[in-house]
Structure formats: C-alpha cells, structure tokens
Amino acid sequence: MPKVKSTPDILLIAATVCLLTIGLIMVYSASAVWADHNFNDSFFFLKRQLFFAGLGLVAMLFIMNIDYWTWRSMTKVLIFVCFILLIIVLIPGVGLVRGGARSWLGVGAFSIQPSEFMKIAMIFFLAKYLSEKHKYVTTLKRGLFPTLGLVLLAFALIMLQPDLGTGMVMVLTSVVMIFIAGARIKHFMFMAVLGIVGLVGLIISAPYRLRRITSFLDPWEDPLGTGFQIIQSLYAIGPGGFLGLGLGSSRQKYFYLPEPQTDFIFAILSEELGFIGGAFVLVCFAILLWRGLRIALYAPDLYGCMLATGIIGMIAIQVMINIGVVIGLMPVTGITLPLLSYGGSSLTLMLSSIGVLLNISRHMR
Amino acid sequence: MKRVSNVTVRKRLILALSVGLVVFLVMIIRLGVVQLVMGDEISTRAENSWSRDIPFEAKRGEILDRNGIALATNVSAPSVLVVPRQISDPANVATQLAEVLRMDRQRAYELVTKNEHIVRINPEGRKMSNELANEVRELRLDGVFIAEDNRRHYPFGQYLSHVLGFAGIDNQGLTGLELYYDEKLSGEKGYVSFYSTARGTRMPGLADEYTAPVDGQHLKLTIDSKVQTIIERELDNAEATYNPDGAIAIAMDPNTGEILGMSSRPDYDPEQFRKVPPEIYNQNKPVWSQYEPGSTFKIITLAAALEEGIVDLDNDSFHDPGYIEVSGHRLRCWKKGGHGSQTYLEVVQNSCNPGFVALGEELGKETLFDYIHSFGFGQKTGIDLQGEGTGILFNLDAVGPLELATTSFGQGVSVTPIQQVAAVAAAINGGRLYQPYLAKEWIDSSSGEVVTRTTPTLKQEVISEETSAEIRRALEHVVAKGSGRNAYVDGYRVGGKTGTAQKAQDGRYLENNHIVSFIGFAPADDPQIVIYVAVDNPKDTIQFGGTVAAPIVGNIMEDSLRALGVERRGGQIEKERMWNDEPVIEVPDLEGLTIREINQAYYELKLDVSGEGKEVLLQSPEPGVRVKAGSTIRIYMGDKPEEEQ
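These protein sequences, in sequence, are chains A and B.
The numbers in our numbering rise by one with no breaks, and the one at position 126 of the first sequence is 126.
The numbers in our numbering rise by one with no breaks, and the one at position 325 of the second sequence is 325.
It is worth saying that the hints were derived from the structure and are not from the lab.
Computed from a prediction, not measured in an experiment: that's the story for all the values here.
A hint or two may mislead.
According to the in silico footprint, chain A covers these stretches of chain B (three or more CB under 8 Å from chain A) [said to hold, decoys possible]:
hint, stretch
1, 39-46
2, 254-265
3, 544-558
Far from chain A, by Cβ distances over 10 Å, these chain B residues were calculated [to be verified]:
hint, residue
4, 6
5, 35
6, 49
7, 147
8, 172
9, 198
10, 199
11, 236
12, 312
13, 441
14, 589
15, 608
16, 637
Just so it is clear, CB atoms sit at the ideal spot from N, CA and C, and this is done for glycine as well.
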C-alpha cells in the first residue's frame, strides 16, 4: 500500500471538537450541584474531565499520525491482555465495585474499565480477522463461529461483572461489522434467533430486567421504582421546550436526576439548551456517523474499511442507546454518551479511537 | 463458496448509513415531541414534583342566628410546627418542648428528628391555648414555630347543639349544619408553594407562589336565639319535672317554613361531644325520630273532611257511646263511657276518637290518604339537616276498614316531628305546604354582604283559605275549651291539638310508656308561630299530652310571641274556667285616682306604690291589659301640676 498522507477529515475533527466542548460545558453545569454537595468543590468533575479531554486530544493527535496498519500486528497481544484483565477484574478485592458492578481496576479517578478496552480490542480483532479471512465470511465454520464465539466469550465475561450496557455495545458493534463484511443474510436470521434466545435467557436469569424493559413504555406505572429514572429524565427534557431554560438553569440537576453528568447528561442538556441544543448535538453525531462511514467507504483496504466501520459503529450505537434511553424510546441501560458524558478513561479511549479513524481518513482513495 | 465482492461491502455500508441517519431523525422527532408537544403536560407534572406546599388554613364561616348573634365561631388556637432541618441540637429542643407540652421526651425527640420538611406535634402541640403557645414561643427554639390556627367554639354550649352539630380538629364539619353545609362554611385552603430540590432545600431561581385562602361564608340561620333560649329553658324544666326518656321541641314560622327554634333532650356540648355516646350527637330527633303521632294527626283528618265538605262543625253532630265498631272490632274512645252527643266542633275539642273514625269512613281511604300524602307525610320534608326520617304509612292496597279507622285518629302511621310541624303549618296558614329550612342567608365573611338569600319553598297548596280558617277556629276551641286548655295564653289566641302516642316495641304497645305531645300555633287570626313539643315517657304524671306537653307549648308560645314582638289581641274565645284556674282580669285605669279611691274599689290586685303625692300619675301595666287576679300593679304617685288657665 502506498503511504500517501493527505489531510485528515476536517468535518470529523470539527464535529468531535464541537461535541467535546459542549460536553465539557455540560459536565460542569450538570455536575456542579452534586460536586458542591459531595466534595465542596463545584468544579470537581470538570477538572477531571478537562484533564482527560486534554489527554484524549493529545492521544488523538498522536494516534492520528500512526499508520493504522501498525495496530494489526499488535491485535493478538491486545485481545489477550484484555481477556486477562476481564478475568482479573472479577476477582473480589482486585476489581472495584461501582454502581453495583465489579468493573473497575485501578485507583480513584485513574481507574479503568477493562470492558471498555475489550470493546475497542474486539473491533481491532474483527477488522483483522474479517479482512484476512474475508473469503470465509459467508461460511459458518470458518467465518461466523470463530468470530462470534470470541465475541460471546468476551460478552459472557463482561456480563459476570455485570455490565450489560458495554456488553451490548460490543456485541452490536461486532454484529454490524460482520454484517458489513458480507455475512449471509440467512446466517443473520439465525443470529437474530440466537440473540432473542439469549435475551430471553438473560431476562429469566434476572427478572428485574423485564420490568426495566417494559417500564419505559409507561414509566408512570411505577414512578418510584423502575420508572423513576425515565420520569426524572422526561421531567428535565419536557420543560426545556424549544429554547431551553438557559445554560445553568436546570432544575432536575438538583438531586432529582441521579448522577446527571454521566448517563443522563443529554437530559440536562435538553433541559438547559432546549430542542435547539438537543437537535444540534444529534446533528453533530449524525455528521460523525456520515463522515465515519464515508471513511470506511473510501478506505484504501478492507482492514481500514472494517476498522473504520467498527469504530464509527461503536460510537453510533452507544449514542443511539444512550439518547434512546434518555428520551424514553428504550429501556434503561447504563451507558455513557460518547464525548459528552463525564468519564475519564472512556473519554480518552473514545478520542483515541477517533484518532485511528482520522488516520484512516488520511489514506483515503 | 461465493466470494464476497467489495460491492457488497459498499452496499451494506450505504445501507448502514441510511439506517443510522433514519434512527437519528427518529430521535430528533421524539425529542421534539417530548419538548414541544408533551412539554406542557410534563412541565405541570414536573412542577408538582418540585413544589412543596405550606398550607394556609381558611377561616371557617361563623353561624349566626337571624339577628346576627354568633352561635358557632372560631377562637385562636395556635399549633406548633417543627422544621427538623433547622434544628441543630435536637436533644435539647426535644427536652424543652416535652416539658412545656407535657409529652414524652423520647416521642418529642423522634418528632424533631423526623425526616420531613414540616412536622406537626399531634395532639399535644395542636390547637393549644394561647398561654401554652406563648410558653413555647418564649423558649425561642430555632426550627420551632407557632402557626396561627383556629378552633371551633360554640359560645352557648349545649344550646342548639343538635342543629349546629360540630366540627372536628381539622375544622371539618362532622354533624348537623356543620356537616350539611361543610363545603360553604370551610372555604378553600390557601398555600405557599415553593420549589424544592430533591433534598428539601429551596431551589434557586424560582419564586414562591402564594395562593390566598378563601374564608368560608358566614351562615345566618332562621333560628331566633330568643325563641331558642325559651325552648331550651322549657325543655330543661320539663326534664327536671318529668325525668323523661327524651324531649323535643320545634318552633317554625308557618308562613315561610323558617325554623325559629329546635331542640331535643338528651343533648350534649359540641366541644365535649366525646363525653356522650355517639347516638346522642348523631340523632337529631326532631327530624330523625319517627313514631305514631296520636291525636295531633287528627288535624289532617279534620282538614280533609272540611275541604271535602263532608262535615259542618257547628251543625253536624255525632253521638259517642265510648266506642265504635269497625269490622267486628271495638275501637274505644280515650274517655270511658264516651262523650255522648256532641257537635263536630266538640268532637275536635274532646279529641273524640269515634268521631274521627266516622269522618275517616266518610272520606274513604283513597281521599284520606291523598290528603295525608299531599300534607307531606311519607316523604322527607327536605329540611337542610342530615339524617331526616321518611316515616311509614300504610300501603294503600293494604288499607282495610280497620287501618283506615286507626289512621283517622293517628295510630298505625309513623311520622317525624318535622313532618307534623310542616303539615300543621299548612293546615293553619291558608293551606300552603312549605319546605322547612334553617339557612336563611350566606354572608361574605370579608365584605359582610349577603351572597345568597334563601326564599321560602312552597311545595304545594293543600287546602283552601276557608278550610284553613275553619281549622284555626276549631283548634282555638280545643285550647280554650277542650283538651288543650293548658296551652291557653291570655291575649294570644292559641290554637292547637294534643297528642298521646303509644310506643310500640317488638310489634306490641308498651304499657304506661307514651310520647305525649302538643302542637300549637298563635295567634289564631294570623298565625306567626307553630310550636311542637313532645315528651317521651314522662315519669310521675298522667301520660297525657294535654297535661304534660300543652303547658310547655303555652309557656314557649307566650314568651316567644312577646320576644317576636307580636301584639296581644282581643276577640279571643274565653277560656272555660276550671276550679283550679286563676281568674284573669283587665287592669283598670287608675290614673288620677288617689290611694283611698283605689282601695275603696276592691280591685283583686296588689299595689306597688312609689313616688310622693296624692294622685296616680303613671301605672304599669297599662289599663286594659289582662293579668291574673292578684297580680301586682306598679303605680307612681305625684301631684297634678296646676292646669294652665
């Protein structure tokens, strides 16, 4: 492959920076009340988010200049390490429990979620495998089974924490990659059946999930239980109206919405900035999706194509799930909004992934 | 094996992009729906979830008599409110509060540390005396507040208690008028709502909203407290004299249906209602109880017979041998041996049962029962009180000769006192049946202006003016010459009818246990008041309405008419004297006479002399006033000034 470097995708960079900036402002606005209450420092979350945004931007610019083929040789090591980490995190006393799930390793703000890394590593693995074994993608034995087998193994480990959100994003991203690589529709039907069976199995193993799933249809049926978060989210979005209550004027951030700076940051954003603000963010993400898939479309080789597909697919799926939950279109799933939500390691990872995407864009045909 | 071409990948990438963009479009639309379409509804719900209301109690409307005298009012009764989040030293606050309010220290501690915005101390700190409230205020405890509140107060105690009813601790009407008109009396609560964070502190940037309470309207009753006072006094006397099982009295204006007074025994103090059994305050007997009316019911038979033209009181006569045969049964008259031959006026005067049976037979069951129904029996009068009785009448199909006969003189039917009062009022007021009522006016509590005024409700015209006049004449005779003699009031032309009803229990009549009653009205030429008194099982007396109830009605009648400012009049039927009646004489004109001249005239009067002089200048009562023989006349002596030539 000729290594002709052109300028990266400017529109993609613009959308990313735009969302990152809005995210920083909203993290401060949404978290200030809680931060002041819990840490006597209204800037507590903003400071950390600024640090990781800076780190992420540096990483993005750095990775943007590393040819993406470089990663292909590291894939096996990467996915092996991630599997090890996924097992380590399950050991009580080593993995840290936050929000009911043992999914963290490390200390304080400098802790990481192995599942987040696995999500990325899986993209790299699938991109390599699907491009190298492309001719087998239509077969079950050498195409679907090995790839899906590894995905499901990783999913199973993630569900032991349990972290349904991240697991779901990983599985859906993988499915999208396999689909775009050219797997047979017939096999997809089979996977769909498998998926439904799996879903039913998950619901049977933990019935609270069914209530979560149905509660979004009529949250007022159980306003203090399963419907609580959706109601509180709608109480933020609804009064926002067209222009919003104004930056900083959210009411729901006054302890009504739990942790408004993470999963429900879009609710606070829509409350303060209104339909205009919410729609603007959605359009930014749509631009991100468009530019990302365009990079995949014009990628110089199948590996680049699959890698770009995986990265932009992951971002888009996470956005759809997060906002779908917040605006009451989906059952509650704990998942952050890429580039906007508070969250150190995931933000850095997200920006790094975009760095890979940007590098592919520099090699576009 | 089919090799996948890059074309497939490209196609699927474009498909994924399309699907992705559609999903984003759907999300934008949904966002628009939530914010722009459902926005208002969600905002309302959200505001309810943020706002916290501090209630402001509305003042309950007062209840006044027709002259504006307060019968139910409010007195200041402050309450303690505790805001736990403002208390830094709960142990100390609890100890001090517990001491002043005389409550358990542990309970006080639990209350002042409760995880609520506002805590009430119930009942120790609820509606306290002002003295106690001041003691709490003087403790100067942070987070402990004294809130202005009101307690219902009934200045006359047991007076009119069954009619007024009472209001509970939350000023909510529980019985009587307090319950019947609770909504209008209680007004509407006001409140300050402030927006709160989920942790109970004030949310910044949102102003408080104050909704002022709307005080309840004052209720002005048709009750005349002067008449009511007289009734209460007479019932107290009756209770003391006869030790009865119960007693009731109703006074009504026959020309409107306005209730002037209503009371019953046993009674209770509304502020101490817990001290009596619930049936005492729950049963307002004048409208609730139903029993055989006895002879007072004969007025209805009389009215029907007169209106139908089947009897001439003066010219038709009836012979009473002491009983009457009805389908093989002998119905006895109350007088052994009977009243002999008499005119129908005398039949009424004597309350002769066989005479009324004859009238009933002449009328026939259809006609008699038509009149009974149109006089309002068998249905509620519609008076504005809770728990009114309907009464029980024979089903017309079940009425045979015997039932017709007993109904004619008031047995075998069951009626309420208020039904009798309304019916008799119609019989003597010219034939108009009015709905009795108590609420005369509703008055705006802030402006003092009348908001609504009740007008009398004419239900129907039952008999003609002429028939009514004839009934008045007959009933005046009953009081002047017949069984109602003890209700006679000199100068007030009282008419009326006695009633002695047997009480039935388990389908049998009780021995020596009667409800004795009297219904009277006055003056007979222009009735201003109808009074009904019934005494249940009076002890140590002849259980006869004329003996027990008639004098009570007479006393109430005389004092009430004077209180109402009704003039005494002449032209009254002279009372038939009995050996124990005191004679009544007219006060002579003593003006200008000397003491010697008065003494020589042998007046049956005592003198109370004042002033110095030869001649009488002034006297009281005025000449012409009728007084009992032996009454005292006050005279003022003086010298006649020289006449100007």
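Results for each hint:
1. 39-46: Holds: 6 residues of the stretch 39-46 of chain B have a Cβ under 8 Å from chain A.
2. 254-265: Since 0 is below three, the answer is violated.
3. 544-558: violated (count 0)
4. 6: violated (7 Å)
5. 35: violated (5 Å)
6. 49: violated (6 Å)
7. 147: For residue 147/B, whose nearest Cβ neighbour in chain A is about 27 Å away, the distance exceeds 10 Å, so it holds.
8. 172: holds (30 Å)
9. 198: violated (4 Å)
10. 199: violated (5 Å)
11. 236: Given a closest Cβ separation of 59 Å, the condition holds.
12. 312: Holds: least Cβ distance 80 Å, greater than 10 Å.
13. 441: Nearest chain A Cβ is 47 Å from residue 441/B, so the label holds.
14. 589: holds (91 Å)
15. 608: holds (85 Å)
16. 637: holds (92 Å)
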